[in-house]
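Put chains B and C on the given structure of chain A with help from the hints.
Residue numbers (the working numbering), protein chains in the order written: chain A, 3 to 157; chain B, 3 to 157; chain C, 3 to 157.
Since the hints were derived computationally from the structure, they do not count as laboratory data. Because the structure is a prediction, the values reported are computed rather than measured. Please note: incorrect hints may appear among the correct ones.
[As the list claims (entries may be wrong)] Dumping the calculated DSS-like pairs for lysine-lysine here, alpha-carbon to alpha-carbon at most 30 Å:
(1) B:Lys24 <-> A:Lys24
(2) C:Lys24 <-> B:Lys24
(3) B:Lys51 <-> B:Lys40
(4) C:Lys38 <-> C:Lys51
(5) B:Lys24 <-> B:Lys40
(6) C:Lys24 <-> A:Lys24
(7) A:Lys38 <-> A:Lys24
(8) C:Lys51 <-> C:Lys40
(9) A:Lys51 <-> A:Lys40
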Amino acid sequence: MPSLQDPLFATYAIAAALMILKAVAMSWLTVYRMMKAKGGYRSPEDLRKTPLNPQPDPSQLQPNDYVDRIRRIQLNDLENLPFFLVAGLLFVLSMPSLLHARIVLYGYVLSRLLHFAAYLTAQTHDLRASMWTIGSLILIWMTLWVLAAALGLTA
Amino acid sequence: MPSLQDPLFATYAIAAALMILKAVAMSWLTVYRMMKAKGGYRSPEDLRKTPLNPQPDPSQLQPNDYVDRIRRIQLNDLENLPFFLVAGLLFVLSMPSLLHARIVLYGYVLSRLLHFAAYLTAQTHDLRASMWTIGSLILIWMTLWVLAAALGLTA
Amino acid sequence: MPSLQDPLFATYAIAAALMILKAVAMSWLTVYRMMKAKGGYRSPEDLRKTPLNPQPDPSQLQPNDYVDRIRRIQLNDLENLPFFLVAGLLFVLSMPSLLHARIVLYGYVLSRLLHFAAYLTAQTHDLRASMWTIGSLILIWMTLWVLAAALGLTA
Numbered sequence: 003m004p005s006l007q008d009p010l011f012a013t014y015a016i017a018a019a020l021m022i023l024k025a026v027a028m029s030w031l032t033v034y035r036m037m038k039a040k041g042g043y044r045s046p047e048d049l050r051k052t053p054l055n056p057q058p059d060p061s062q063l064q065p066n067d068y069v070d071r072i073r074r075i076q077l078n079d080l081e082n083l084p085f086f087l088v089a090g091l092l093f094v095l096s097m098p099s100l101l102h103a104r105i106v107l108y109g110y111v112l113s114r115l116l117h118f119a120a121y122l123t124a125q126t127h128d129l130r131a132s133m134w135t136i137g138s139l140i141l142i143w144m145t146l147w148v149l150a151a152a153l154g155l156t157a
Numbered sequence: 003m004p005s006l007q008d009p010l011f012a013t014y015a016i017a018a019a020l021m022i023l024k025a026v027a028m029s030w031l032t033v034y035r036m037m038k039a040k041g042g043y044r045s046p047e048d049l050r051k052t053p054l055n056p057q058p059d060p061s062q063l064q065p066n067d068y069v070d071r072i073r074r075i076q077l078n079d080l081e082n083l084p085f086f087l088v089a090g091l092l093f094v095l096s097m098p099s100l101l102h103a104r105i106v107l108y109g110y111v112l113s114r115l116l117h118f119a120a121y122l123t124a125q126t127h128d129l130r131a132s133m134w135t136i137g138s139l140i141l142i143w144m145t146l147w148v149l150a151a152a153l154g155l156t157a
Numbered sequence: 003m004p005s006l007q008d009p010l011f012a013t014y015a016i017a018a019a020l021m022i023l024k025a026v027a028m029s030w031l032t033v034y035r036m037m038k039a040k041g042g043y044r045s046p047e048d049l050r051k052t053p054l055n056p057q058p059d060p061s062q063l064q065p066n067d068y069v070d071r072i073r074r075i076q077l078n079d080l081e082n083l084p085f086f087l088v089a090g091l092l093f094v095l096s097m098p099s100l101l102h103a104r105i106v107l108y109g110y111v112l113s114r115l116l117h118f119a120a121y122l123t124a125q126t127h128d129l130r131a132s133m134w135t136i137g138s139l140i141l142i143w144m145t146l147w148v149l150a151a152a153l154g155l156t157a
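Excised from the complex, chain A in its bound form (with noise of 0.2 Å):
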């Protein structure tokens, strides 16, 4: 089996969980961001009393950018994290040097960071989609190197 005692792989393994958290968390910040609102809920039975919901109103059910914008960054996350986990994975067994590997996974992480920074704090579009854009030319970067590994283009 893979090892995590492999730098190779440990870098991976540092990397995706890392981004992992990070789409937990946005799951978590959506939930906090409700709790204070008290809006931005999605269902209908949402509107019934219960302890976390001593006060139910109609508007409740309404859309809240507050909330909405934890939503859009975790669906941009959705977009992009499941295949760059899948992507570092296959890069790291396609065995790249160390600082190869490490240059791209800590780069996507920090690009995906600064990504959430920029979008959390509502800088312009250009700023967050600049960002972005660094993520995904190296997740394009991983997955054609792994391609290629993968169709013996390379030594």
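Frame of chain A, contents of chains B and C only:
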């Protein structure tokens, strides 16, 4: 290669396969409900007259909670299961005890099946949220375990 | 570690890389169509005047089917591809024959490319649904195969 004959890896493979089948089932359940309700469609071209839609009507593109409930459940799956699938793989590669792996991996599967049951039958938010929370905490636990192992913090 | 030099694992890696590139292409196609339509944006801050959006207008946040069609295709990818990527990995680790793996994995890739073509060009629902169904049945097949192998039900 990791082998499905290895008890630890087989535990992961069983949990992963069950969660993948669960996720795929949401797609089929959406299809089933769209056909039963003859609505909840999303694309303009779905209003064309075809063998599967002999009597098209513009109302078929309106939101339909009978269908959209499954879509919400599926979205919740997308926010959770891909990360579980990768975290679980790395978790078993970090060589936990078999008992630890079984509790964590099968516990996650159980929490998601209960979340589905609570969501499908429109139980109160608090019950559904509790099931989600158990799964999310297990996911965080596995991911922190992987991170610690990859950073060499565990024996 | 599994090696990309192994023909079985390389088959998986090629199929996975193609599907990851396909998924990433949906993001870029969304960007392309947003820039071409100068609309279909989602965040309030996207109405700020920037080099990429020199003449902002509130209508840019309205739904735009030219853009939203790609988003629907992408959502369909998110509902399917991450599960294929993990199921396919476990499938090749269950040591199927190379022919079996090629038919199943490349068959899936082909079904998704045809689904994309049908969806992009707004073919009738029935054609698009048929392509989706083929891919989904292949995914279920692979997953049941993995489950049987992990449960020790196969030789």
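Comparing the hints with the structure gives:
| no. | hint | result |
| --- | --- | --- |
| 1 | B:Lys24 <-> A:Lys24 | holds (24 Å) |
| 2 | C:Lys24 <-> B:Lys24 | holds (24 Å) |
| 3 | B:Lys51 <-> B:Lys40 | holds (13 Å) |
| 4 | C:Lys38 <-> C:Lys51 | holds (17 Å) |
| 5 | B:Lys24 <-> B:Lys40 | holds (24 Å) |
| 6 | C:Lys24 <-> A:Lys24 | holds (24 Å) |
| 7 | A:Lys38 <-> A:Lys24 | holds (21 Å) |
| 8 | C:Lys51 <-> C:Lys40 | holds (13 Å) |
| 9 | A:Lys51 <-> A:Lys40 | holds (13 Å) |
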